[in-house]
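Q: Heads up: the sequence lines are chains A and B, in that order. The opening residue of the first sequence carries number 1 in the numbering used here; numbering runs sequentially from there. The opening residue of the second sequence carries number 1 in the numbering used here; numbering runs sequentially from there.
Hints were generated in silico from the structure; no laboratory data involved.
Computed Cβ-Cβ distance ranges for the label pairs, DEER-style: (1) A:N151 - B:E61: 50 to 58 Å; (2) A:R23 - B:G31: 51 to 59 Å; (3) A:V332 - B:W32: 27 to 35 Å; (4) A:D66 - B:E61: 50 to 58 Å.
SDA-like mimics (lysine to any residue), calculated; alpha carbons at most 25 Å apart, straight line: (5) A:K317 - B:R15; (6) A:K228 - A:A254; (7) B:K37 - A:E343; (8) A:K270 - B:P16; (9) A:K270 - B:R15; (10) B:K37 - A:I341; (11) B:K37 - A:P342.
Glycine is no exception: its CB is placed at the ideal position from the N, C-alpha and C atoms.
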Amino acid sequence: MVDASPQARGITAGMPLAAALSRCPGAVLLEADLSLYQAAFDHLLDVLETVSPLVEGEGLGLAYVDMDGLEELYGGEEPMLEALSRSVVPFQANIGVGQAKFTAYLAAKSSRPGRWRKTSDDAAAFLRDFPVDVLPLPWQVVERLRGFGLNTLGEVSRLSPGPLQAQLGPEGLQAWELANGIDRRPFLSRRSEEQITESLALSSPAVTLEPILVTAEALLARLFRHPKVSGKYVRALSLEGKLSRGASFTQRVAFREAVGDARGAYRLLKMRLVNLQLPGPLEELSITLMGLTGETGRQVNLFTEVRKRDNLREALKQLEARLGRRPPVFQVREVEPWSRIPERRRALVEYVP
Amino acid sequence: MVQNTRATKGAGGVRPLGLPRPIEVRSDERGWPVAVKLNRRWVTVTVEDRWRIDDEWWREEGVSRIYFQLALVDGRTTAVYHSLASIEWYCH
Numbered sequence: 001m002v003d004a005s006p007q008a009r010g011i012t013a014g015m016p017l018a019a020a021l022s023r024c025p026g027a028v029l030l031e032a033d034l035s036l037y038q039a040a041f042d043h044l045l046d047v048l049e050t051v052s053p054l055v056e057g058e059g060l061g062l063a064y065v066d067m068d069g070l071e072e073l074y075g076g077e078e079p080m081l082e083a084l085s086r087s088v089v090p091f092q093a094n095i096g097v098g099q100a101k102f103t104a105y106l107a108a109k110s111s112r113p114g115r116w117r118k119t120s121d122d123a124a125a126f127l128r129d130f131p132v133d134v135l136p137l138p139w140q141v142v143e144r145l146r147g148f149g150l151n152t153l154g155e156v157s158r159l160s161p162g163p164l165q166a167q168l169g170p171e172g173l174q175a176w177e178l179a180n181g182i183d184r185r186p187f188l189s190r191r192s193e194e195q196i197t198e199s200l201a202l203s204s205p206a207v208t209l210e211p212i213l214v215t216a217e218a219l220l221a222r223l224f225r226h227p228k229v230s231g232k233y234v235r236a237l238s239l240e241g242k243l244s245r246g247a248s249f250t251q252r253v254a255f256r257e258a259v260g261d262a263r264g265a266y267r268l269l270k271m272r273l274v275n276l277q278l279p280g281p282l283e284e285l286s287i288t289l290m291g292l293t294g295e296t297g298r299q300v301n302l303f304t305e306v307r308k309r310d311n312l313r314e315a316l317k318q319l320e321a322r323l324g325r326r327p328p329v330f331q332v333r334e335v336e337p338w339s340r341i342p343e344r345r346r347a348l349v350e351y352v353p
Numbered sequence: 001m002v003q004n005t006r007a008t009k010g011a012g013g014v015r016p017l018g019l020p021r022p023i024e025v026r027s028d029e030r031g032w033p034v035a036v037k038l039n040r041r042w043v044t045v046t047v048e049d050r051w052r053i054d055d056e057w058w059r060e061e062g063v064s065r066i067y068f069q070l071a072l073v074d075g076r077t078t079a080v081y082h083s084l085a086s087i088e089w090y091c092h
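Generate coordinates for the entire structure from the input sequences, incorporating the hints supplied.
A: Right under this line is the structure:
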């Protein structure tokens with residue numbers, strides 16, 4: 001369960017699907033498109049960074065913004081919160097103002113869309129009536145609290161921490177602390193990292209590895225030609241796939257040492273994808289290059305095909321100069337040679353020497 | 001900063017080879033080809049083989065085709081198919 005409509009009472013994110021259905025039998029299930037939601041949320045975080053440079057994204061739809069000392073810049077607290085609210089339009093953000101993450105989160109949760117709410121100075125009194133479902137703890141821990149008859153944060157805060165810790169371990173202590181307004185979680189501002197993404201729609205839905213590899217190779221060739229990547233090395237990449245019927249998958253591949261060309265990145269990616277099990281036919285593939293860095297020192301073999309490839313690259317550059325555009329040079333690659341459908345067997349892939 | 005150049009979406013970097021092209025076919029009462037139009041001229045053909053392909057049934061536009069291996073009067077061979085989803089004939 002990623003999320004539920006407000007009307008679906010008693011259902012919280014993270015709950016197993018079977019448990020959610022037993023509480024809300026008439027629920028309409030929608031397949032989550034997590035990569036789409038993540039892209040939209042990343043964009044929102046970018047927008048929030050125009051209001052304050054310190055932004056932390058904590059899962060889809062929840063962001064913490066450190067506004068300390070910015071009142072002067074906006075002419076007071078009210079205009080500052082107004083600017084924060086306006087920045088995320090067309091979304092209507094519930095904004096909470098608090099001294100710590102947990103109280104700010106609950107203030108936001110109990111505010112009206114597009115408006116804000118401040119916590120009172122007495123954090124324990126403010127938290128008292130909230131249900132234990134709001135605790136940022138695994139669903140199983142919350143269920144155990146309910147099993148002990150602890151339904152509100154006030155009931156948790158009235159206990160001593162020892163028994164809770166004995167029953168639930170570190171998460172029991174954390175539940176007690178949060179219920180008493182003690183939030184030890186640090187504010188972790190997100191790192192502004194340059195990334196670059198390219199996507200390709202597959203000509204037909206792929207259920208085997210070969211067409212995915214061919215598409216990944218074409219994407220990597222395109223990405224490493226991008227002016228922002230050219231001459232740089234990348235430390236990791238993220239592979240996102242859109243599957244039939246709206247589902248998606250994401251896989252992150254971190255390289256042991258930064259790679260500076262499409263061929264090297266493809267070789268490493270291929271090794272990681274050998275055991276890929278797709279939950280459905282793949283319709284679109286995206287690759288995001290991350291951790292862009294300057295050139296790293298590396299020792300290469302002198303006796304490779306480098307010279308041959310350099311000659312070909314030079315010839316293509318000359319051709320490009322003569323034509324005034326990138327020469328349309330492709331190579332034939334076998335995609336699904338066993339396919340019964342002739343047009344699925346081979347494909348032309350852009351050739352990058 | 002995430003920069004997504006999604007403007008280039010599309011199978012631009014990977015082009016399938018041998019995509020079906022429409023072809024004009026005259027058929028007999030069984031629906032078997034008797035002549036195909038090549039270079040604006042009708043050429044008589046005989047059917048050498050016939051097979052059916054059903055695949056990708058999970059898609060809205062699944063693949064359901066009847067293929068005919070044809071021998072042209074000049075000795076050449078070609079394959080055409082008739083898509084069950086439409087009344088058109090295609091060759092690769």
